[in-house]
Amino acid sequence: SAVISQKPSRDICQRGTSLTIQCQVDSQVTMMFWYRQQPGQSLTLIATANQGSEATYESGFVIDKFPISRPNLTFSTLTVSNMSPEDSSIYLCSVAPGLNQPQHFGDGTRLSIL
Amino acid sequence: GQQVMQIPQYQHVQEGEDFTTYCNSSTTLSNIQWYKQRPGGHPVFLIQLVKSGEVKKQKRLTFQFGEAKKNSSLHITATQTTDVGTYFCASNQAGTALIFGKGTTLSVSS
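Protein sequences appear in the order of chains A and B.
Note that our numbering has the first sequence beginning at 1, numbered continuously upward.
Note that our numbering has the second sequence beginning at 115, numbered continuously upward.
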């Protein structure tokens, strides 16, 4: 399966600031996704990162708060903007090499906002 | 869209006992995928089931997909302390992201 490198692995940030999370894959993948996992909860899909076009956001998530880039088939970024304590979560990058292929996850970014 | 309901939320067993988690949907699923997340870790893919009535085994783990493709189960025989973690079922339509169940957190005492 693809090797997914996500960074930073963790960070502690001040409220009102923004943080950009990077996801690098060692091979070209068709689909890349960003998830949020709040403490003790399941994974919630934030958006699908589309190569060369705007990301597709799920209900409850907006581009102004979570801008996403995907300049090529191996790389994506997620920015968490104007952070508040409610944004404290694990953010996970996930990829699927092709249609009907299983999704695999990066190690996640553990984000705490003070 | 697709939603998967998963029960139980928590399960504690003695080492050596069996464990089962169940996943249900009100709609027919294209597939079901199972993941394990260890404490402090990220979800790790275990298996994918796509066929009606499919049964797959991985050592002590048995995965089933219902005949109607609306339910699935993961059964662990003779649990070990290394089985501790949260088990998630998830499903998607072709070309879309996985939607996850709420997960079942398994604890094992020796």
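Incorrect hints may have been included.
[Unchecked claim] Under the rule of at most 35 angstroms between Cα atoms (straight-line distance), these lysine-lysine pairs were calculated in the DSBU-like manner:
1) B:Lys165 - B:Lys150
2) A:Lys7 - B:Lys173
3) A:Lys65 - B:Lys165
Because the hints were derived from the structure by calculation, they are not lab data.
Tested hints:
1. B:Lys165 - B:Lys150: 21 angstroms, holds
2. A:Lys7 - B:Lys173: 34 angstroms, holds
3. A:Lys65 - B:Lys165: 39 angstroms, violated
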